[in-house]
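J.: Each chain, written out:
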Amino acid sequence: MFADYTMTELTSIFAMQGFAGLTLFSVFVLMALGLAIIFGQMGVINMAHGEFMILGAYTTYLTSNVFSSYLPESLYSLYFFVALILAFLAAGALGAFIEWAMIRHLYKRPLDTLLATWGLSLIMQQLYRTIFGPREVGVTLPDWLMGSIALTDMVEIPINGLFVMAITLVVAVGVGLTMQKSRLGKQTRAVVQNRPMASAVGINTARVDRLTFALGCGIAGIAGAAFTMIGSTGPTSGQLYIVDTFLVVVFGGASSLVGTIASAFTISQAQSTMEFFLSGSMAKVLTLLVVVGILMLRPQGLFSLKIRK
Amino acid sequence: MNFIAHLFARYQLSHMLILALLLIVVLPLSMDIFRLNLIGKYLTYAFVAIGLVLCWGYGGILSLGQGVFFGLGGYCMAMFLKLEASSPENTAIQTTPGIPDFMDWNQLTELPWFWEPFHSFGFTLLAIILVPAFFAFVVTVAMFKRRVGGVYFAIITQAVAAILTILIIGQQGYTGGVNGITDLRTLHGWDIRTDEAKYILYFVCVALLFVCLFIGKYVINSKLGRLLVAMREREDRVRFSGYDVSAFKIFIFCLASVFSAIGGAMFTLQIGFMSPTFVGIVPSIEMVIFCAVGGRLSLLGAVYGALLVNAAKTSFSESFPELWLFAMGALFIGVVMAFPNGLAGVWTTYIEPRLPARLRSPVPPSTIPAVAVTTTAETSSTPSANPTVEHRHAGN
Amino acid sequence: MISKSRNYDSTRGTRRTLLRRMLAIPAALALAHVSLPALADSANSTGLAVTDSTVTVGILHSITGTMAISETGSVQAEKLAIDQINAMGGVLGRQIVYTQEDGASDWPTFAEKAKKLLVRDKVAAVFGCWTSASRKAVLPVFEQYNGMLYYPTFYEGLEQSPNVIYTGQEATQQILEGLDWADDAKDAKKYFLLGSDYIWPRTSNKIARKHIESVLGDKVVGEEYYPLGHTQFNSVINKIKLKKPDVVFISVVGGSNVAFYKQLKAAGIDMTKEKPLFLTISVTEDEILGIGGENIDGIYASMKYFQSLPNANNEAFVKAFKAKYGDDIVIGDVTQAAYLGPWLWKAAVEKAGSFDIDKVRAASPDIELTTAPEGYVRIHDNHHLWSKTRIGHAQLDGQYKVVYESSELIEPNPFPEGY
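Going down the list, the protein sequences come from chains W, X and L.
Residues 1 to 309 (my numbering) make up the first sequence, in order.
Residues 1 to 396 (my numbering) make up the second sequence, in order.
Residues 1 to 419 (my numbering) make up the third sequence, in order.
Honestly, the hints are just simulated from the structure, not real lab data.
Accuracy of the hints is not assured; some may be wrong.
Claimed, not checked - With a straight-line cut-off of 27 Å between C-alpha atoms, the simulated DSS-like cross-links for lysine-lysine are:
(1) L:Lys190 to L:Lys401
(2) L:Lys401 to L:Lys322
(3) L:Lys273 to L:Lys189
(4) W:Lys181 to X:Lys145
(5) L:Lys322 to L:Lys351
(6) L:Lys122 to X:Lys313
(7) L:Lys79 to L:Lys324
(8) L:Lys241 to X:Lys313
(9) L:Lys241 to L:Lys210
To be verified - Not everything, but these chain W residues come out facing chain L in the computed CB check (under 7 Å):
(10) Gly18
(11) Ala20
(12) Ile131
(13) Pro134
By construction, the Cβ of each residue, glycine as well, lies at the ideal position given by its N, Cα and C atoms.
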């Protein structure tokens with residue numbers, strides 16, 4: 001199938017395809033990090049994760065509207081950074097509330113959180129529909145985020161793709177540092193490893209749970225804000241991501257953030273490579289099949305936390 | 001007499017009788033065929049819910065992919081009916097008469113090989129049982145042997161549902177794609193669209209439901225049922241006692257999937273088409289909710305749950321089309337948080353103790369746990385093993 | 001057991017009645033149908049929900065679920081048309097009352113609600129459905145209970161039911177003119193076909209490929225499908241770059257659209273340069289609202305209606321629509337087609353002098369609407385509409401500018417020979 005093309009064309013296509021894979025990788029990491037924190041660290045399944053993402057997207061939409069209506073035009077190009085922060089705060093705050101109202105009562109029943117959060121996702125979808133209307137909203141991007149950098153005639157790097165990668169990098173490093181270095185991170189890990197002991201040494205485990213859940217939701221909000229650049233914003237858009245996200249987390253080995261990143265990388269590269277050689281639908285089916293197949297053989301995922309039980 | 005009393009107690013026959021009275025006498029007499037057909041449709045979901053009681057409530061295995069089996073059963077039946085509806089006379093205007101219309105639209109010129117056996121009704125009936133059972137076996141055997149359980153299993157079943165949906169929609173020449181298999185008309189020349197046929201199919205559906213209920217009761221009361229509960233609570237202890245845990249889990253999951261498939265086949269017969277929307281994730285989760293609302297430890301509760309949730313959904317969406325999702329969402333959350341044992345739990349905790357003693361049903365040993373501590377059967381790879389969870393908040 | 005026999009005598013009578021009733025259910029049902037309070041006048045001899053002052057119709061669309069995004073416009077248009085007809089005095093002197101049901105983006109629900117509308121509510125007509133799948137699901141219901149469905153979406157054809165009036169275009173009407181235009185006006189030789197993975201894009205592309213290869217003598221250099229709801233299109237964008245087609249012919253639907261055009265724009269493809277030229281049959285003004293005008297500026301669409309159509313009918317329609325739903329609202333092809341439904345039904349009822357489904361059906365062929373926003377339409381014997389096809393050029397403000405219009409009304413041909 002490559003006979004028709006010149007060497008330079010092929011090289012540029014592989015370069016572009018590699019970049020496409022990297023973009024997909026960033027998207028997966030952004031989606032999965034929040035879920036991985038909540039699921040991996042707390043054992044809670046948040047089926048409303050997609051809806052928290054869309055909350056971030058709607059926050060971005062509102063921010064953009066506020067900036068374009070009430071603030072001088074020169075500031076507009078900066079709105080996206082404000083939106084990212086607001087999206088994090090909005091989703092995080094809602095997450096903390098949900099943890100307080102709902103999740104904390106269900107820690108003994110992990111599978112039930114799944115059902116309850118599914119109910120929550122229905123309510124959130126209908127709320128979005130009532131507030132923002134059933135149609136999709138268009139989020140206008142500042143000019144500097146549009147367009148691409150032309151490296152050669154064929155190879156063009158989308159700026160918003162780069163920007164998504166940058167956000168991903170910042171978020172991933174931020175989460176990594178938080179978990180490894182910060183007080184909250186240390187407390188979280190202590191609670192995960194041994195809850196009664198952590199509690200005995202004076203860690204307020206309830207507070208740690210709430211903050212962890214809020215952090216995970218907040219990251220979902222950031223992901224949603226970032227996705228306004230590449231995807232749609234509507235009441236049900238969140239559902240488009242949920243299965244992929246879960247698979248990334250489980251495939252990575254739920255308790256390991258490094259695992260999540262590695263699994264996002266594997267799945268995204270596999271999918272974008274296959275998409276080039278097969279039809280889109282078949283590529284998706286094959287990717288999912290391979291992931292499920294591997295999970296059946298290696299249920300602990302790519303990486304697993306080794307602790308004594 | 002003793003024997004009969006024993007049977008009554010063992011199978012909660014008095015409760016079964018009430019349900020039978022409701023389904024066979026009260027509803028058919030009080031409703032017209034339109035509503036009754038709707039009830040028939042709800043009952044097909046009850047098959048799935050019964051299966052979920054067995055594998056989730058008792059076995060602790062939560063599947064978010066029961067729609068897959070519902071769909072497999074439904075598609076098997078639909079393939080048979082579609083072939084009958086696509087006789088060469090009916091499809092004379094097609095390029096290739098005698099094959100289903102959607103195949104013709106997709107330029108297929110002959111029937112695919114896996115459609116051929118569905119000309120036979122006997123084969124179809126066998127397929128409705130065996131195809132889902134085999135599929136369930138393939139999906140679970142590797143996982144249960146490797147002790148995958150709990151949340152992991154739920155997510156993997158979800159992925160399986162996603163894969164199958166994309167496949168069915170993508171291979172539309174063979175499956176009818178997103179439209180599903182529509183316009184089914186007759187079963188061996190018997191028009192299934194008439195009102196009389198709908199009555200008969202309704203009663204067939206009720207009869208099959210009771211067959212499944214009795215099988216379910218039998219399983220729960222057998223040694224297997226107790227083992228399931230034991231496994232749900234402490235899987236490793238059962239394993240240490242010398243039992244092959246995975247074999248029991250595989251069996252119960254296959255049984256649940258066969259129940260679902262029967263429901264799917266009855267759905268196709270009563271509604272007259274099958275669609276890939278059932279195979280997806282959303283209906284699969286909804287079916288778990290039917291089970292949860294009814295009570296995950298009660299077979300009869302599951303039937304009531306399926307009936308009530310769907311009736312509520314229908315009437316809510318008729319009266320307040322823009323609000324019914326709120327109500328549904330609230331129901332999910334409310335049931336899970338406040339009534340983890342569902343309607344059956346409300347009955348046994350609040351209503352039954354106030355009834356005169358002779359109306360109470362003796363509590364079978366396997367339903368004793370007052371709060372459903374499900375899913376403690378986590379995988380060995382999960383860090384938050386149960387003992388830790390049990391003690392949470394203890395120090396606060 | 002004792003308690004049961006104690007009550008036996010008193011319940012015996014009832015029981016026997018019950019038994020008899022059970023045996024007689026089908027008969028009782030048939031009776032119930034006849035004995036409904038039917039106004040046995042000529043305007044309504046079949047027991048439809050028609051009184052001296054009102055007539056009830058059904059509206060059946062998804063207002064929840066993934067399809068609500070697309071179907072909202074249709075609901076609004078149908079309600080507007082009903083309001084306007086009522087303001088003009090209604091149909092045969094009766095005000096139209098509507099019963100709205102939610103299909104919830106779920107095909108079995110559509111079938112259930114369609115049945116409810118026909119069997120319980122006895123509506124005189126139903127305006128509804130959007131996806132082909134929902135139409136296929138309700139079709140047997142409409143045929144069995146003899147209802148009338150006005151279906152607004154452009155669709156793949158291959159269907160002609162006596163119980164459906166198709167107010168949108170079928171595939172050949174929409175596609176062939178667009179491809180001819182691309183070949184003729186834009187001198188296109190190489191085509192790349194891209195769609196969502198379901199029946200409408202696949203059938204459309206099948207027709208398009210046949211037309212491109214055997215009528216136009218041009219070449220198809222690629223054909224790709226992605227699952228509904230897919231959000232990552234970078235791979236296919238690379239394929240487009242590699243194959244260098246003159247025209248990319250697109251039938252991607254739903255949320256995928258937004259992702260596709262945003263990623264296209266980001267990948268450095270300037271759609272205004274028309275290299276390649278992007279020709280869509282699925283993006284109406286409704287979708288652009290979500291995509292954003294700046295992301296889709298420069299593509300072409302082949303459809304029968306655009307909000308910017310310059311004619312007096314359309315100006316009045318757009319004005320009324322905005323007056324009812326706000327100035328920010330946009331109107332797409334399907335919304336306009338949905339608006340035609342109640343008007344076509346009214347015309348047919350008045351021609352028939354009756355609400356009876358059979359009479360309305362018999363009266364339907366050759367009904368014409370000179371007040372249609374798209375200009376003029378007429379119902380063909382095959383229940384589709386004669387209509388013109390236009391090419392719109394997407395502008396920054398999210399509107400299309402009409403750059404081409406077929407000279408004649410195009411005959412609907414749901415079963416095209418040789419395609």
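J.: Is the shortest C-beta separation between W:Ile131 and chain L less than 7 Å?
T.: violated, 14 Å
J.: With a cut-off of 27 Å on the C-alpha distance, tell me whether W:Lys181 and X:Lys145 pass.
T.: violated, 39 Å
J.: Check whether the Cα positions of L:Lys241 and L:Lys210 lie no farther apart than 27 Å.
T.: holds, 24 Å
J.: Taking 27 Å as the top limit, are the C-alpha atoms of L:Lys122 and X:Lys313 close enough?
T.: holds, 22 Å
J.: Against chain L, is W:Ala20 within 7 Å by beta-carbon distance?
T.: holds, 3 Å
J.: Does the structure keep L:Lys401 and L:Lys322 at a Cα separation of 27 Å or less?
T.: At roughly 19 Å apart (the allowed maximum being 27 Å), L:Lys322 and L:Lys401 satisfy the hint.
J.: Take the shortest C-beta to C-beta distance between W:Gly18 and chain L; is it under 7 Å?
T.: violated, 10 Å
J.: Please verify whether L:Lys322 and L:Lys351 have alpha carbons no more than 27 Å apart.
T.: Violated. L:Lys322 to L:Lys351 sits at ~31 Å, over the 27 Å cutoff.
J.: Does the interface hint hold: is W:Pro134 within less than 7 Å of chain L, judged Cβ to Cβ?
T.: holds, 4 Å
J.: If you draw a straight line from the CA of L:Lys79 to the CA of L:Lys324, is it 27 Å or shorter?
T.: It holds: about 10 Å lies between the C-alpha atoms, which stays within 27 Å.
J.: Compare the distance between the alpha carbons of L:Lys190 and L:Lys401 with 27 Å, and conclude whether the hinted pair is satisfied.
T.: The hint holds at about 25 Å.
J.: Starting from L:Lys241, check that the Cα of X:Lys313 is at most 27 Å away, please.
T.: violated, 49 Å
When each numbered hint is compared with the structure, violations occur for hints 4, 5, 8, 10, 12.
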